[in-house]
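**Student:** Chain residues, written in single-letter form:
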Amino acid sequence: MSESPSHPAAERASDSDRPTPWRRALGGLWRLTWKSQLTLRPLARTAAFLLVVPILAHLTFRADQLEPYYRWTTDFYLLLLVPLFCLYGCGGLVRDDLQGHTLPFLLTRPVGRARFYLAKLACQLAWIQMLLGIEWLFLLTVGLWHRAPDAAAMSILLLGVQVLAVLAYGTLSALFGLLHSRYLVLGLLYGFIVEVGVARIPTNINSFSLSHHLQTLLARHPPLAELHDWTTEDTWLAVLVLTLAPVFLAGLGALIFTVKEYLPSEEMQR
Amino acid sequence: MTPLIQARELSRWYGIVMGLNNVSFDVPPGMTGLVGPNGAGKSTLLQIVTGQLQPSSGTLTVFQEPPWNNARILSRLGYCPESEAVPRELMPLDWLTGLGCLSGLDAAAARSRAEATLDRVRLGREHWQRRLGQYSKGMRQRVKLAQALLHDPRLLVLDEPMNGLDPLGRQEMAQILQHLASQGVSILISSHILAELEPLCPHILILNWGRVLASGGRRDIRSELKDWAEELSIRCDDPIRLARRLFEADLLRGFDCDPAEKTLEIRLRDPEAFYAQWTGLLLSSGVAVHEIRSRTQSLRQIFEKVTA
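Same order as they appear, the protein sequences are chains C and V.
Numbering that gives the first Met the number 0 numbers the first residue of the first sequence as 0 and each following residue consecutively.
Numbering that gives the first Met the number 0 numbers the first residue of the second sequence as 0 and each following residue consecutively.
There's no promise every hint is true.
Quick list of simulated restraints, FRET-style, between CB atoms [to be verified]:
1. C:201 x V:16: 49 to 57 Å
2. V:125 x C:80: 39 to 47 Å
3. V:58 x C:232: 51 to 59 Å
4. V:219 x C:98: 27 to 35 Å
5. V:58 x C:47: 20 to 28 Å
6. C:158 x V:16: 27 to 35 Å
Example chain V residues on the side facing chain C (calculated, C-beta under 10 Å, incomplete) [stated by the list, open to error]:
7. 75
8. 272
9. 276
Hints in this document: simulated from the structure, not taken from any laboratory.
Idealized CB from N, CA, C, for every residue including glycine.
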C-alpha cells in the first residue's frame, strides 16, 4: 500500500474520547421515546387503550357494588391487561428498531451496549408507568363515580402493586424481545403456563409466578383478600421477589445484549 | 503512518455462508473507497468496523482497538447505514437532537449541532418541519449523513451513501464528502460502482466473495491486479518478432497477434517489470512501433473484469 501524507484525522485520534454519560444517554433515549410515541398512530393506539378500559368499566359497574369493581381492577386490569401492555410495550424494545432498520443509528453511538439497553429499558418503563398511571387515575375516577366501597384505599394499594408489576413484567417482556422475534407468542405462552397455570397450583411452586406475588400484596386489602381467597402470607417474600426480579431480569437482558449481535435478518442472511 | 483500520486474517460467517474470508488489509487516514458487487462483504466489513458485528475469527482494530462494545472508539466514529430506513414518525431535528444526546452532547448543544449539521448537508430549512417519512430518498440520505456527523467524528463510515440518488444528488454528495475530507475527516465509503469512488478516493479496497482482491492507491491496485490490469495494443511493423522478444523476456501473460493489421495485443505479467525493460527490448528488437494504446483505461474496467 502506498504511503499517504500525514492526515489531520490521525493526529486528532489521540484526543480525549469518553463514553456518553448515563444522564445524557437517558436524556437522548427519553427524548426519542416520547417524541416517537406522541405521533399520530402510536397516540391513537394508546388513547384507545387508555379510554376503552374505563369506559367499559363504567358501563358494567353498578353503584355501591364491591365485586365488579374489584374484579375489573385486579383480575382484568392488573393481572391481565397490565402484563399484556408490558409485553406489547417492552417486548419491542430492541426488536422494533431492529425490524425498522433503525437500530444501527443507536448502536453506533458511544454508549456501551449494556448501558444502552438499560437506559432504553428505563425510558420505556418510565413511559409505560406514566401511561398506566393515567389509566389508574381513570379507573379510580370510575370507582369513585360509582361509589365503589373503599375504592380510594384499594386504589392506592393498586397503584403501588401496579408500579412493581410494570417493572417485573416490563423487564421480563424486554428479555423475551431479546430472545426471539416472536416475543408476543413467547410471552403469551409464558403467561398461560406460568402466570395462569403454575400460579394456581396450591403448593410452593406457585412462587415461580409473578402474579402469585402480586396477589399476595393485593391481599393486604382485606375485602380483596376475602373476595379472591388470597392470603397475606409471605408478604416480604413477595416484595423481595417483585423488587429483585426486575433487577435480575434487566441485568440478564443487558448481559445478553452485550454478547449477542442484533442486525436485521436480511443483513445476516446476505 | 499508523493505519486507522487494521484487519488481520479477519473472517466472518453467517452459519455456512462466508461474509468475509480471511482478509487482511490496512485503511490509512484519508478517504478510502470500499468497492465490490452486491454480496461482496462490504456491509459485513463496515458493520464490524462500527462495532455492530464481531469477527468470527481474526482481528479488526479501529484506532488500534477492537470496536465491538467499545464506546471510546464509537465516539470517534460516524456511521451511515445502507438501509434507507429512518424513524418515519420523527422530524429531523427531534431525531438528531436525541441522537446527539446519545453521542454525549447536552440537549442544547445537541439541538444546535443538529441544526448545524443539517445545514452542513444542505437540507433546506423549509423541510425541517416535515416528518422523515415524508422525505424523498435524497433528503433521507442527507439526514442520515447529518446524524453521522453530529458528534464531529474522526472517521466517517458510509455504506453506499449514493444509492438511489440522481446524478445531481450524487454530485452534491461527492462535494459534501470532499469538503469533509478537506476538513480532516477520514472517510470509509462503500459502493458497488467503482466509477463513483475512483475520482473521490485516493485509496481503494476491492472486495468480492468475501475476499480482498486488491487494496491501496489507484496505481497500486493496477499493479496488484496485474492479471487483468494492463492490456496494451501495439501497432508496429513486425508484431510477431516483437511478441517473441517480449515472450522470451517472460513479460507476457498472453498476446493476440494480427500480422495483417500489424497489431499486437498483449497482457502484461508484471507492468512494473515490463515498463522497466520495455525501451531496451524495443531498441534491441529493431521493431518500429507506430502506436501504443492502453486498453485498460480506468479502474472501472479492471473492476468489471475482476468481479465478473
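**Student:** State the violated hints by number, sorted upward, taking the hints as numbered earlier in the document.
**Tutor:** Checked against the structure, the hints that fail are numbers 4, 5, 6, 8, 9, while the rest are satisfied.
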